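Could you put together the complete structure from these sequences and hints?
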Amino acid sequence: NAGVTQTPKFQVLKTGQSMTLQCAQDMNHEYMSWYRQDPGMGLRLIHYSVGAGITDQGEVPNGYNVSRSTTEDFPLRLLSAAPSQTSVYFCASRRFGAFTGHVGTEAFFGQGTRLTVV
Amino acid sequence: AQSVTQLGSHVSVSEGALVLLRCNYSSSVPPYLFWYVQYPNQGLQLLLKYTSAATLVKGINGFEAEFKKSETSFHLTKPSAHMSDAAEYFCAVRTSAGGKLIFGQGTELSVKP
Chain A
108 NAGVTQTPKF QVLKTGQSMT LQCAQDMNHE YMSWYRQDPG MGLRLIHYSV
158 GAGITDQGEV PNGYNVSRST TEDFPLRLLS AAPSQTSVYF CASRRFGAFT
208 GHVGTEAFFG QGTRLTVV
Chain B
3 AQSVTQLGSH VSVSEGALVL LRCNYSSSVP PYLFWYVQYP NQGLQLLLKY
53 TSAATLVKGI NGFEAEFKKS ETSFHLTKPS AHMSDAAEYF CAVRTSAGGK
103 LIFGQGTELS VKP
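Keeping their order, the protein sequence lines are chains A and B. Read in order, the letters of the first sequence correspond to residues 108 to 225 in our numbering. Read in order, the letters of the second sequence correspond to residues 3 to 115 in our numbering.
Be a bit skeptical, because a hint or two may be false.
Stated by the list, open to error - Reference listing, derived: stretches of chain A covered by chain B, where coverage requires no fewer than 3 residues with Cβ under 8 Å from a Cβ of chain B:
no.: 1; region: 151-165
no.: 2; region: 217-223
Claimed, not checked - EDC-like cross-link-like pairs, simulated, lysine to aspartate or glutamate; straight-line CA separation at most 20 Å:
no.: 3; chain 1: B; residue 1: 102; chain 2: A; residue 2: 163
no.: 4; chain 1: B; residue 1: 102; chain 2: A; residue 2: 145
no.: 5; chain 1: B; residue 1: 102; chain 2: A; residue 2: 180
What the hints assert, rightly or not - FRET-style restraints, in silico, Cβ to Cβ:
no.: 6; chain 1: A; residue 1: 127; chain 2: B; residue 2: 16; range: 39 to 47 Å
no.: 7; chain 1: A; residue 1: 191; chain 2: B; residue 2: 30; range: 29 to 37 Å
no.: 8; chain 1: A; residue 1: 145; chain 2: B; residue 2: 48; range: 15 to 23 Å
no.: 9; chain 1: A; residue 1: 127; chain 2: B; residue 2: 84; range: 36 to 44 Å
Please keep in mind that the hints were generated in silico from the structure rather than gathered at the bench. Predicted model, so just to flag it, every value in this text is computed and none were measured. Positions of the beta carbon are idealized from the N, C-alpha and C atoms, including for glycine.
Now the structure itself:
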C-alpha cells in the first residue's frame with residue numbers, strides 16, 4: 108500500500124514551459140486535492156476533485172489545470188510556468204464522507220514536489 | 003467561510019518544557035479540526051483530529067488538543083518537548099464531510115537542548 112505518490116520530487120522549469128505534476132493514490136479515495144506551500148502562507152488549495160470526472164477550483168487556481176479521468180490519478184498541469192509558481196506542491200486524498208459515511212476523515216499527503224521556475 | 007489562524011509563526015522551547023501551539027478557527031457551523039506535522043522535506047502527517055466526539059483529543063507522539071467552542075480554539079499541547087518534536091505544525095479546519103480542508107499559516111517549533 109503506497110498511499111499517495113507524487114512525481115517528480117524536484118523540477119526546474121524555464122518561464123513559459125509546461126509540465127504535469129503527477130499524483131496517484133491506491134486507497135480508492137474519492138476526494139483528491141492539490142495544495143501549494145509557500146513560506147508564511149501555509150498550504151493553499153489549488154484544485155480539488157470529489158470523484159472521477161468532477162473537478163473544482165480552490166483558493167488559488169489561476170495558472171493550473173486539472174483533470175480526473177480515474178479514481179487513482181489526479182495530475183496538475185502548468186500550461187505556461189511563471190516564477191510566481193515556484194513553490195512546493197502537495198497532493199492529498201481522503202474518503203468523501205457524503206458517499207461513504209465516514210465523517211471527519213483525515214487527508215493523506217504525498218511527499219511533495221519542489222518546483223522552481225526560472 | 004471558514005478560516006484558521008495560528009498565533010506565532012515560530013515557537014521555541016527547551017527540551018522537557020511544555021509545548022503550546024495556538025490555533026483559532028472561524029466557522030459558522032460545527033467544524034472538523036485537524037493538526038498536522040511536517041518534518042523537513044517531508045509531506046504532512048496527521049497528529050490528531052476533532053470530529054465532535056470528545057473535546058479533548060489525544061494524538062500521536064504525546065500530543066493532545068482541546069476543542070473550546072466558546073473560544074473558537076483548538077490549541078495543541080505536549081507536556082514535555084523532545085528534540086524530535088522540532089518540525090512545522092499546521093492547524094486545519096473543515097466544515098463538512100465533503101468540505102475543503104483549509105490550513106493555517108503554520109508554526110515552526112524549535113526545541114533547544
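The region 151-165 of chain A covered by chain B? Criterion: 3 or more residues, Cβ-Cβ distance below 8 Å.
holds (count 5)
Has the region 217-223 of chain A got at least three residues whose CB is nearer than 8 Å to a CB belonging to chain B?
holds (count 3)
Range hint compliance [Cβ, residue 127/A to residue 16/B, 39 to 47 Å]
46 Å, holds
Given the hint of 15 to 23 Å, is the C-beta distance from residue 145/A to residue 48/B inside that range or not?
22 Å, holds
Is the hinted pair residue 102/B and residue 163/A satisfied, with a Cα-Cα distance of at most 20 Å?
11 Å, holds
Can you confirm whether the C-alpha distance between residue 102/B and residue 145/A stays at or below 20 Å?
19 Å, holds
Using the C-beta atoms of residue 127/A and residue 84/B, is the stated range 36 to 44 Å upheld?
With a Cβ separation near 40 Å, residue 127/A and residue 84/B satisfy 36 to 44 Å, so the hint holds.
Against the 20 Å threshold, does the CA-CA distance of residue 102/B and residue 180/A hold or violate the hint?
19 Å, holds
Within 29 to 37 Å or not, the Cβ separation of residue 191/A and residue 30/B?
32 Å, holds
Hint check: no violations occur; every hint is consistent with the structure.
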